[in-house]
Amino acid sequence: MAKDVEGVVAAEQGEFSAKDYHDPPPAAFFDLDELTKWSFHRALIAEFVATLLFLYVTVLTVIGYKHQTDATAGGDDCNGVGILGIAWAFGGMIFILVYCTAGISGGHINPAVTFGLFLARKVSLLRAFFYMVAQCLGAICGVGLVKAFQKSFYNRYGGGANVVAHGYTIGVGLAAEIIGTFVLVYTVFAATDPKRNARDSHIPVLAPLPIGFAVFMVHLGTIPVTGTGINPARSFGAAVIYGSRQAWDDHWIFWVGPFVGAAIAAFYHQYILRAGAIKALGSFRSNA
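When the letters of the sequence shown are read in order and numbered with the UniProt record's numbering, they come out as residues 1 to 288.
Incorrect hints may appear among the rest.
Computed list of lysine to any residue pairs in SDA-like fashion (alpha-carbon distance at most 25 Å, straight line) [stated by the list, open to error]:
no.	residue 1	residue 2
1	K122	H41
2	K151	K37
3	K37	G167
4	K66	G243
5	K66	G167
6	K195	L273
FYI, nobody ran anything at the bench for these hints, they're computed from the structure.
Using the sequences and the hints, build the whole thing.
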């Protein structure tokens with residue numbers, strides 16, 4: 001009888017000491033089998049359509065605001081949604097689209113997010129590459145729809161293209177994109193962390209909500225500097241359809257900045273906060 005009681009106590013202690021969450025295994029670096037799965041192609045379609053809708057609504061909002069505040073067209077500064085409204089359009093659309101597509105593709109809608117998740121071994125190289133292609137094509141089509149519906153306004157008000165604003169240097173614009181993307185990708189990691197979800201299970205957190213708010217807050221801070229890229233597909237789609245020289249001259253900032261910011265966020269979350277490097281070193285020592 002005593003042995004049975006000791007066994008129950010030991011089992012209970014082992015149960016409470018065990019992890020209450022499970023990290024998914026690292027994704028394969030290069031998995032050709034994904035090409036044969038319908039779920040992979042369905043995810044590409046979801047990323048394409050989501051990015052198309054994202055660019056369509058947000059670029060329309062930017063152009064509408066500029067028209068409503070254009071004094072030569074009878075507008076004034078009190079009209080339109082303002083910078084606050086533009087930020088809400090970007091953040092709100094990300095919230096909606098991530099919520100809709102998270103269960104299908106993960107709801108990336110941004111090559112920088114995809115790149116950060118690839119560095120963290122959350123997606124394979126093959127999936128990351130095709131996601132980025134789908135996102136860029138969706139962005140081009142989304143901005144193309146805006147131009148098709150409002151061509152005169154589109155050309156007059158800059159086509160929603162990202163450029164470094166007058167009065168700011170290239171270095172400031174690059175730094176704004178790096179920091180802004182860091183905030184976004186760091187939020188993505190934090191909101192989808194299985195350890196956090198298990199620890200804070202008593203506080204229901206809908207992952208798309210903090211991600212959308214991160215986009216909203218970053219836009220408030222960086223719209224006056226670069227128009228806020230933090231999404232290479234968004235900047236690429238607008239640059240392709242609008243095609244101005246300045247948009248292409250500054251375009252490298254909106255790839256380098258977001259990718260650097262995403263890489264820093266992936267390293268910070270995985271190897272500092274989650275102590276990935278320390279765990280790997282401890283595992284190596286125990287095996288030795």
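Verification of the hints:
1. For the hint pairing K122 with H41, the CA-to-CA distance comes to about 18 Å; that is within 25 Å, so the pair holds.
2. A threshold of 25 Å between alpha carbons decides the hint, and for K151 with K37 the separation of about 40 Å lies outside it, so the pair is violated.
3. Restraint check for K37 and G167: not satisfied, since their Cα atoms lie roughly 50 Å apart, outside the 25 Å limit.
4. Annotation: proposed proximity of K66 to G243 holds, straight-line Cα distance about 19 Å (limit 25 Å).
5. Restraint check for K66 and G167: the C-alpha separation of about 20 Å stays at or below 25 Å, so the hint holds.
6. A distance of roughly 11 Å separates the Cα atoms of K195 and L273; the hinted pair therefore holds under the 25 Å criterion.
Violated hints for the displayed structure, listed by number in ascending order: 2, 3.
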